[in-house]
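Here is how the chains run, residue by residue.
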Amino acid sequence: MSAPRVGERAWVPFPEAEETPAIGFLRRVREGLDAGLELPEVAARGAAALPSRARDALRRAARRLEGGYEEDDWGFDEEFVEMVFPFFEFLYQYWWRVRTKGIRHVPSHGRALLVSNHAGTLPWDATMVSFAIQREHPLPRYPRFLVLNWAFDLPFISVAMRKVGGIVASPYNALQLLEEDELVAVFPEGVKGAGKSFRERYRLQRFGRGGFVEIALRSGAPLVPVAVVGSEEIYPKLANARPLARLIGAPYFPVTATFPWLGPLGLVPLPSKWRIEFCEPIDTAGYGPQAADDRALVFELSERVRETIQEKLYENLVERGPAFA
Amino acid sequence: MAGRRVLITGVGSYVGGALARRLERDPAFEYVAGLDTRTPRVSLERTELIDADIRNAVIARLIPQAGVDTVVHNQIVRRPGPGMSARAMHDINVIGSLQLLAACEKAESIRAIVIRGSAGIYGSEPHAPQFFREEMSRLFPLRTRFQRDVGEIENYFETYSRRHPGVVCTMLRYQPGIGPSLETQITRYLKLPVVPTYLGFDPRLQFVHEHDALEALVATVRNPVRGAVNVAGPGTIGLTRMVRLAGRPTLPIVPGLFDAVTGAGKRAGLVDFSDDFRRLLRHGRAVDTSRLVEEIGYQPRYTTVEAVRDYLRTEGGRRLLPALRQAVAR
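These protein sequence lines are chains A and V, in that order. My numbering numbers the first residue of the first sequence as 9 and each following residue consecutively. My numbering numbers the first residue of the second sequence as 49 and each following residue consecutively.
Isolated chain V, as found in the complex (with noise of 0.2 Å):
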């Protein structure tokens, strides 16, 4: 039988780089492309990469001709990087998966999507259940521009593979990620010098360790299943307790003036929550893993505790009560 054939879109990110490495020293796949306007961070051997941009009708000219059985969506931003406005994001994320499905529509070689999506369309409530399975993701409205694209991208796929039984949609919803080697808001907030907080509010979160991402990803590739599945390191942490365990002081801030005070952050350019963030400081959100687990067969090597001491371990020298007394003893 002839190996696997997989195009990887968004293959500049961190995580698409990582998989096309992982998946190009694989002999099970013979070929493996990569489409990305920007450059991989990593070396890649065999991966053919296609420069083109996911928004752009060309793509349906291109991924046809790959002739791939299996297409990773890669490409869903969840925070505007520097230079990319709120609008960019959101055409990337809903014209650019528009786009891939019409492209998928024509590549009559494809049995199997996987898209890397987000957990937050469940959003961030006081009132969610511990632990939100699959199932769960219309109990509440969708209240941020991110999960509204999320809810659209879902809806995308949805209807593609009700139109295509022959092809395996499997939506994984992530949650966060943290990592030595990953710098998202998570991490950029743990590097704050004061960490602000909503007083009197202590959620509980739930993350994912790159490495498990990464894997969880591989996983499904191998042996994608229909629907959605969640993806996230078993159990949860407090955000105090994170915090703590990182070494930082907290700033309390009433949770009126929460929008204000990181406001005034952002103008002097030290902050920059998105909504989505905010509202999982307030909130917090935990997923149910045992799809992940019993379906894909993937058991995360981390748990969300160990996620987080991990990457706190990379951390360690940059803690402040020591860097403040060095400071005063010099």
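Next comes chain A alone, as it looks inside the complex (with noise of 0.2 Å):
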């Protein structure tokens, strides 16, 4: 090591003007504590020497870990999704790549039944469909999805589903927010869709007993049938576990190319190319609530959705070509 030549500044270590926003951090929290402070405030005063963003996120989480944040009364947490967007975003646009056709069709205001095709194993699908509106819609509106109860017995799963906005599939909870004028979305396949087999993928599977349609006639809500080409592939079931199903309760357990092989990494979905399709809106107003009594109306309606669906399930799958390119 040469010594510094004449006129070259010396290198000092931690220089008091210049601390970066980490130790900045730290030492505002320590002066902070021995000031004897309430940590949330201590978090608070110590942000002040984060970066905007970063402050913004702490106090966030300082507040909410006060308590300080609102669900409404069925759990969902606005703030909450707004902290998973990002995410959302990135699988959106870059891993997913997904085109939204029909946006207009989601109506701004007032009930609406959004009624989709079901694959994938678990619900992405879901959160994407969530995801188009919020970014594609010119006035947005957060969807509300009806979720196997299974789901509702598991930890975390439970909440996080509350909290983005799920709800347990069961028909007084549909109509009750219908009747308060929510978008809702179902998915009437069920497990039998997102537990189908890469063997029949894009083949629609029986849509329930039509329970969807009495739910919307009884409300007058229309119907919004909503294609989604790119799910089938994202984990292509190849075998279904069934011990292993009963084992823990499940409705199937999925065995695909990389699950459970690699174990939590199995989890990571495949980049297929996405579409989504929100179709014209099939009005029920027009029959009024006694036609949910009606049983064959309610299985014509129901066919009319599932057809739509099928159409154009086959229509975007040409459109998108090949899955992955």
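Misleading hints may appear alongside valid ones.
A few chain A positions that, by computed beta-carbon distances, are all more than 12 Å from chain V [as the list claims (entries may be wrong)]:
#	residue
1	Asp81
2	Met91
3	Glu97
4	Leu156
5	Ser166
6	Ser178
7	Asn181
8	Arg211
9	Leu255
10	Phe267
11	Ile290
12	Gln298
Calculated cross-link-like contacts (lysine to any residue; reagent style SDA-like; alpha-carbon spacing at most 20 Å) [stated by the list, open to error]:
#	chain 1	residue 1	chain 2	residue 2
13	V	Lys239	A	Glu74
14	V	Lys239	A	Leu156
15	V	Lys154	V	Pro112
16	V	Lys314	V	Thr298
17	A	Lys200	A	Phe164
18	A	Lys200	A	Leu156
19	V	Lys239	A	Leu73
20	V	Lys239	V	Ala312
21	A	Lys200	A	Glu187
For the chain A half of the interface with chain V, some residues (derived, Cβ under 10 Å), not all of them [what the hints assert, rightly or not]:
#	residue
22	Tyr102
23	Pro163
24	Ala177
25	Val263
26	Leu273
27	Glu315
The set of hints was computed from the structure by calculation and includes no laboratory data. A virtual CB, placed ideally from N, CA and C, is assigned to each residue, including glycine.
Take the two lone chains, each set in its own frame, and fit them into one complex as the hints suggest.
Given below as structure tokens:
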């Protein structure tokens, strides 16, 4: 090591004037604690040393730790959703390269029932439908999802579902939400759709007993069919390990090329290319609420929705081309 | 027209005493009687106290003598207090209700019976509707002892009201109460130094503020309607949010070990959770209050969140973190 030449500044460790944000943060926290302040206050003071984005995030975290957040009557936590948005944005734009059509068919106010096909083992399609509305709609709103009951038995998952707008799939809940003029999303294929094998991809399963049509008729909410292309390829399910499913009480236990072999890494969805199309709404208010008891009409409408979705699935599948290119 | 004549069972409880005091100050009520073996916690002026055990057949002689038009059945035990066995609680709830009904059979002056029952009959279920309406009490099996007691009580009163079309029976289904003067499982829970929760669960809870618990009862005595009516503060609060607002640290316990840990706490005399309360902490429960508002005509003053905040305001001085710091500083 040669001595510094004349005129060259010597390297000084930790110059007082330019401390890094992290050091500044810790120093302020230390001072705050010494002054006997409350923890959230300490965190807020320390945050003053950080760049503004980190500061806001930290303040929010401190406030949430004090219970300073709102959940609506249904347990929906808008701030929580906003916190996970950047992750959804990444999935939407870069991972699945989603293209959305027909967003104008989603009403900007009043009740409506979104009816979508369901695939891909985990409900990623639900998150992307919701995010598509947030991103593309001129007057975005949060849809509430009717979620398979089983999810609400599970720790963590049940809480996360509730916070992002998931609701136990019961007709009482659906009806009440629609009467409160909310936007509700259902997946009438249910487990049959999400748990089908890769061979059956893009073949719509039976639409339950048409309960969703009854609810729409009873509340006069228009039905908006939604076709999602791409979710079928995210976890190509090769087999169903029934004994394992029974062991944990799950409706199915998927075996894919990567799951469960790679452990949690096997949960990373494949980056297929997606298309979401919102189709023209089917009006139900004209039939009147008594029509909900008319079996023939319920099946007819259910079949009409199913055919619309199936048709749009094929159309978008052709348009999209190869799944991963 | 002569004033109303009311008999209140369980007048020794907080709500029972408060109700007697509220009614005796109201000139519309010409006579108020209170039945209990315990002495009321508040001083009462013109309430006639009847010192009798509700489980005893002697009330079949005393109640017709009082000549009342309304009976408020307020003696349903939600949680056995110190020195009360589970058996005694069951006896008071079920045998007490039966004896009361037997007495009402003989009293011809009765026009209305108002029961302060429990929303516990709905249970706490992961697949429950977000808001139970009154007709949904049979959606799930009755799982705990208390639920079965409440189920039996409801059956007795239903049968009675079918047999006596001239008597209006209102079954009020109360959510757990909260408030500065109440001491309940939930207030004891929030006072624990460390609050045990189920790891990975954050149920939606619903409470009724003590003010509304009393006023809903008064409103129902004034305007009884047939059948069950839910009583609760509108809206819900997440357990995590409530505990954070209370400023308590939580101890999340793996669901499989929760019973073992709280059982050990019980032996150490720290906690004592009933089966119903444990289920509530895991799955929560909320009810729909539109019947209370529209048919009885009572609009609760506090929502669930406001009720919790009001309770916590009075508890504000006992938060853990500042207390710890003071202890360290000393």
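Going down the list of hints, with the structure as the test:
no., hint, in the structure
1, Asp81, "violated, 5 Å"
2, Met91, "holds, 15 Å"
3, Glu97, "holds, 26 Å"
4, Leu156, "violated, 10 Å"
5, Ser166, "violated, 7 Å"
6, Ser178, "violated, 5 Å"
7, Asn181, "violated, 5 Å"
8, Arg211, "holds, 29 Å"
9, Leu255, "holds, 15 Å"
10, Phe267, "holds, 21 Å"
11, Ile290, "holds, 27 Å"
12, Gln298, "holds, 20 Å"
13, Lys239(V) x Glu74(A), "holds, 17 Å"
14, Lys239(V) x Leu156(A), "violated, 36 Å"
15, Lys154(V) x Pro112(V), "holds, 6 Å"
16, Lys314(V) x Thr298(V), "holds, 18 Å"
17, Lys200(A) x Phe164(A), "violated, 24 Å"
18, Lys200(A) x Leu156(A), "holds, 11 Å"
19, Lys239(V) x Leu73(A), "holds, 18 Å"
20, Lys239(V) x Ala312(V), "holds, 18 Å"
21, Lys200(A) x Glu187(A), "violated, 28 Å"
22, Tyr102, "violated, 30 Å"
23, Pro163, "holds, 2 Å"
24, Ala177, "holds, 9 Å"
25, Val263, "violated, 25 Å"
26, Leu273, "violated, 22 Å"
27, Glu315, "violated, 31 Å"
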